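Engineer: Chains as they are written, first to last, in the working numbering: chain U, 1 to 359; chain C, 360 to 718; chain G, 719 to 1077; chain W, 1078 to 1436.
It should be emphasised that the hints constitute simulated quantities derived from the structure, not laboratory data. Fair warning: this is a prediction, and the values are worked out from it, not measured in the lab. Take the hints with a grain of salt, since some may be wrong.
[Unchecked claim] Derived BS3-like pairs (lysine-lysine); straight-line CA-CA distance at most 27 Å:
#1 U:K46 / W:K1355
#2 U:K201 / U:K153
#3 U:K278 / W:K1123
#4 W:K1404 / G:K1041
#5 C:K447 / C:K686
#6 U:K327 / C:K686
#7 C:K447 / C:K563
#8 W:K1165 / W:K1281
#9 U:K327 / C:K682
#10 W:K1404 / G:K1045
#11 C:K637 / G:K764
#12 U:K46 / U:K8
4 protein chains.
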Amino acid sequence: MDTIVVMKAGATPEDVQRVVDRVQELGLTPHPSRGEFRTIVGAIGKRTPPMQEQLEQLPGVDEVMAITQPYKLASREFHEADTILDVKGIRIGGPHVNIIAGPCAIESREVLFDVAREVKAAGAAILRGGAFKPRSSPYSFQGMGREGLEYLKEAGDELGMPTITEITDPRDVDIVCEYADILQIGARNMQNFNLLLEVGKTNKPIFIKRGLAASITELLMSAEYVLSQGNHRVILCERGIRTFSEDVRFTLDVSAVPVIQERSHLPVFVDPSHAAGKRDLVPALALAGIAAGASGAIVEVHSCPDRALCDGPQAVLPDNFRKLMEKIQQVAEVVGHRVTLWGREDSSPRRSAVGGWAT
Amino acid sequence: MDTIVVMKAGATPEDVQRVVDRVQELGLTPHPSRGEFRTIVGAIGKRTPPMQEQLEQLPGVDEVMAITQPYKLASREFHEADTILDVKGIRIGGPHVNIIAGPCAIESREVLFDVAREVKAAGAAILRGGAFKPRSSPYSFQGMGREGLEYLKEAGDELGMPTITEITDPRDVDIVCEYADILQIGARNMQNFNLLLEVGKTNKPIFIKRGLAASITELLMSAEYVLSQGNHRVILCERGIRTFSEDVRFTLDVSAVPVIQERSHLPVFVDPSHAAGKRDLVPALALAGIAAGASGAIVEVHSCPDRALCDGPQAVLPDNFRKLMEKIQQVAEVVGHRVTLWGREDSSPRRSAVGGWAT
Amino acid sequence: MDTIVVMKAGATPEDVQRVVDRVQELGLTPHPSRGEFRTIVGAIGKRTPPMQEQLEQLPGVDEVMAITQPYKLASREFHEADTILDVKGIRIGGPHVNIIAGPCAIESREVLFDVAREVKAAGAAILRGGAFKPRSSPYSFQGMGREGLEYLKEAGDELGMPTITEITDPRDVDIVCEYADILQIGARNMQNFNLLLEVGKTNKPIFIKRGLAASITELLMSAEYVLSQGNHRVILCERGIRTFSEDVRFTLDVSAVPVIQERSHLPVFVDPSHAAGKRDLVPALALAGIAAGASGAIVEVHSCPDRALCDGPQAVLPDNFRKLMEKIQQVAEVVGHRVTLWGREDSSPRRSAVGGWAT
Amino acid sequence: MDTIVVMKAGATPEDVQRVVDRVQELGLTPHPSRGEFRTIVGAIGKRTPPMQEQLEQLPGVDEVMAITQPYKLASREFHEADTILDVKGIRIGGPHVNIIAGPCAIESREVLFDVAREVKAAGAAILRGGAFKPRSSPYSFQGMGREGLEYLKEAGDELGMPTITEITDPRDVDIVCEYADILQIGARNMQNFNLLLEVGKTNKPIFIKRGLAASITELLMSAEYVLSQGNHRVILCERGIRTFSEDVRFTLDVSAVPVIQERSHLPVFVDPSHAAGKRDLVPALALAGIAAGASGAIVEVHSCPDRALCDGPQAVLPDNFRKLMEKIQQVAEVVGHRVTLWGREDSSPRRSAVGGWAT
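Required output: the full structure, derived from the provided sequences and hints.
Structural biologist: In structure tokens form, the structure reads like this:
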């Protein structure tokens, strides 16, 4: 059982150093993590009762907590309420359901804008599009790189939608941060720890997809890598696991949604597109995820999927996406959630006033 | 590609014999299957164009069809519309959503009646209760046997609910048929082919749970074993598959619902209780299944789960079951389905007038 | 932690009844199991120190033991030394390596005798052949039934080889016992508990294959079902588990061999044929199993596999089987084991003089 | 079906450009890959008969081949004979069996030298030791970094053993290449494609571990990423896959050894230590892998495993490693292989004279 020392918002570097020193004197290993708003000092090692009191008395210390889970900052023990992020005025997490939509890969300015307008009209809140594509074959289309990022930013700006794109290399952090609002860590990189550390040093929300054979604990440990660097804005995503089943590409583990929510305060999304691998199955899986309580879904939409350079067979057509959005809205309401309808007239999201470092 | 010859309802045994003989002359292996209403003759072997015509001309032949799937009578190719069963006036399948509820095992007359009244009041249509329990340990409670079946029949009769119970041994077919309305084949017996053949000879609906490592094709092949004996009333159930995940007992594969519906006309249910293994997860999984389009769910409910002799931790309390039923109703409506509310005043199921052998 | 009371070989029914009564008075549930040589009384429930003493003093009691595992009679705690069975003079288990070989299904007298002579000449100790075949399709060849059993017995008698065949239905126990020396429970029936109870009442060795998604504990619990009925001659077999891998039919879990040996005293075999599903992989998997310490392997051999009615692609040709036998012998020696070469001149198995009920 | 154009060793850049241009004119996408010795041009797209002839006639072209597999350079179709690498005079691949041994992580100079001497004396050919450790928790020991690499190089030089260490970040390529002889890509980075591309540009052999849920095809595609950059020295390693089994950490898929060998010319190793997660199981799994035909094994050895900072429970003690090496030698001989006994007097490896670019 380890200890976490949460510093006050106004704590000075000297206050932090004093805690670090005392933790060391107590025979524990200190892990200071400087966030945007506050600093946390993890004290890894065996805990004793006097320790708690001694640390609480130090100047600048707000709270001292014991954490039994291997993940600390990601756990419900550490942060009881649901974390709700604010991304350009859109609230993500808890009862706020957000749909991320767009093409798998950015293929051209035209197709991207085309799809972006469609998904916005249907009610999607966030625009997705891949510029660096991790492909299992070195001979497949690998993405448009910086040019794709430029189009994505342009489309997001023009339509007023926050954007998300995948990052696969720690050397790309600067360029991706320049263009996108949310950084996605794909399933294949869920345990690329150097990449996680690197994005943990940015101030962008990080959207982490569960690895195809990762346990919930491993997913939360990957979130912990980001959180431990001071970036407290993490979103998790169930995207299907690899099982014996040959009937779908991956098996969407809907139970991951309530299981993660029980253990962690972080928002949980589902990705029905990559799980199904086939557009006909996407609506059923998207609705299942929302019914299970997910705070959102990420859906691949393409206006001309048979010409898509990547994952065409799983992209939903705009018309079907619109119908799906309506059902998502209704199912969300049944479970007490509410879909952010950014682009639709009946919706006027207010800039949220959520404070505190963890949001 | 094999051939199926569907005989007319009024075909005589001589008509059938003539088809069998001709199939043999054509160099194929005949598989006559005498159903309650009609007889089918499978003709396994390579198909030639003249064959079709020759068979169609024989007296008593209604239709001659080619089937590409390994399962024949279970396939959508064979029967395009959703099969809708009628069990004591309740319609099962297609848009009709039925909730089966009750205790895991029948432990006493009192507890069974207690739970039965609760689930009926909440809107469950069918009563479940196990009398022969397959347990992984020979030292665990193995069920009450015939005494349990008597209580189940009594409760079903008194409350006007059809009943379902598990059968695990071909030697128990007579006794179980005497007491229960629907026979359940558990996941562990999904490929107990002799048991399938035996229940295929009864006139009771058969509820087959997917084995914990069975593919969809294997599940449909098990249905085919029942169908091939002339019993055309089969219901399928996704109950969670075994994966690497240690976070739940089994991983509910919601994608199985639309995948089965694409390939087969048979009704598909989900079992959130055995998948979750933990009552807190049951509502999320039940709603996910209904949102994915299932024609029903089978839920374990117990008024005093900490004293249950079997699977107590996964039994939902009556109060929570009532709340779940309300949400199930609403989610079913979103996807165009309708819950049978047998015991509730706002519902008046009519005896269905579905005809034809396949229903 | 439960308790096992082992009665002396000469204990009377009255002695046993006295133990049963006392166990009940102590608030535990008694599970008497009458074996060929001795009776065991399981006392399931919380153990207290005085209990041990009280039970030890009763007449006819040999030993009173605490068992922490869910499986009792199958555990190493209960029986520390390797169990070594004697089947018609052949020793099975521990350092004795036996190869079981023959066709998947018995298709004709001629083919069976043909293959039987080949495998005997190559050094196989036991002859296999299926008469009741569990097939995933009701339209596939289901085995020759009693006629097949007659041929198997005839071949075994003529060549002096013990025989093994699969049993799939509790109603077939008498007929199969009449003809075969070892009864096989297939992977699909590993948790067909009624079948296990039924074969537990016979005096034939039972060869249980691991279910394709069964844990080691579940496999040992299935063995416990047989052991609990008084039949103490059980052999276990790893035959491949179902994983995400599409590169083989099933993934042979070689680690099951040392894991089972650590927890149980029962002999462990491997089945490379069903795991591989492809004859080219059989030698590598068979050798891997023997190198991992297995007490034997069951290998499908066919003189004309392209005409086999069942599982032809995985049957090894006689010539290759002979070469494989030589390597198996050498690998077995490296790990301190010795192959029974029943039919070869350089081998003269003696009738073993192993006594005691557990062998 | 794609096409591969192999250029002659002496082909000029102009020759290559001419092929690239012609491939484009033919409507295909060219993928030139400049290797140390030769250049290869992949021509991805539909193949026609005249194409073959046209390309064969161009100056500098050695061979034009059709490849049906998604992996090209990694396939047996492309290179029929086993690839045999030469690393500091040690031959790796085909019948040459090499054992890599050492501690999981480099913890101190002293422990490393201690273990290195032990494993060399026992017959290990290559020394392993991790300096950058990918750990699931950000709070665990992350390796000694450059200091660790220095010790590893020093130990390798002093004992005359080639060394292998893991690389986890594309930015570490230069430093790791400076110190180690073989670069290891861990299971979690098997699909870190940027890292694969980066190591593909070095001239060091790359040891790629199979991801814990990767198919054989995906493993070979990852090899293809390295090969496509011109680095033709790749070794593959089966290290256990994630299955439902909770009885071992990972399930060693021994069938991967013959399956890979059938499809690819690259050497295949097994990693019994990470699969087992428990030292008692390591010998059985190591022998199983060698019996299945692997060209080597990578084994964790520690002189004081209870004080190891990483994966202590799976480290074998030096004494047991010595006994294991003897059995490995004998099993290797049974399957026609031969263990390189680098450090032992009875062995005198000669510098191999293997030529050609693929070795």
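Engineer: Given the proposed pairing of K327 of chain U with K682 of chain C, does the C-alpha separation stay at or below 27 Å?
Structural biologist: holds (21 Å)
Engineer: If you draw a straight line from the CA of K1165 of chain W to the CA of K1281 of chain W, is it 27 Å or shorter?
Structural biologist: Measuring from Cα to Cα gives roughly 11 Å; hence the hint holds.
Engineer: For the pair supplied as a hint, K1404 of chain W and K1045 of chain G, is the alpha-carbon distance within the 27 Å limit?
Structural biologist: Holds - the C-alpha atoms of K1045 of chain G and K1404 of chain W are around 14 Å apart, at most 27 Å.
Engineer: Can you confirm whether the C-alpha distance between K637 of chain C and K764 of chain G stays at or below 27 Å?
Structural biologist: holds (25 Å)
Engineer: Given the hint that K447 of chain C pairs with K563 of chain C, does the C-alpha gap stay at or below 27 Å?
Structural biologist: holds (11 Å)
Engineer: If you draw a straight line from the CA of K201 of chain U to the CA of K153 of chain U, is it 27 Å or shorter?
Structural biologist: holds (22 Å)
Engineer: Holds or violated: are the alpha carbons of K46 of chain U and K8 of chain U at most 27 Å from each other?
Structural biologist: holds (24 Å)
Engineer: Hint check: K447 of chain C vs K686 of chain C, CA-CA at most 27 Å. Holds or violated?
Structural biologist: With a Cα-Cα distance of about 26 Å, the restraint between K447 of chain C and K686 of chain C holds, given a limit of 27 Å.
Engineer: Hey, K46 of chain U versus K1355 of chain W, does the alpha-carbon distance stay inside 27 Å?
Structural biologist: holds (25 Å)
Engineer: With the threshold set at 27 Å, check whether the alpha-carbon distance from K327 of chain U to K686 of chain C stays at or below it.
Structural biologist: The given pair, whose Cα atoms are some 14 Å apart, holds under the 27 Å limit.
Engineer: Below or equal to 27 Å on CA atoms is what counts here, so check K1404 of chain W against K1041 of chain G.
Structural biologist: holds (21 Å)
Engineer: Is K278 of chain U within 27 Å of K1123 of chain W, Cα to Cα?
Structural biologist: holds (25 Å)
No hint from the list above goes unmet by this structure.
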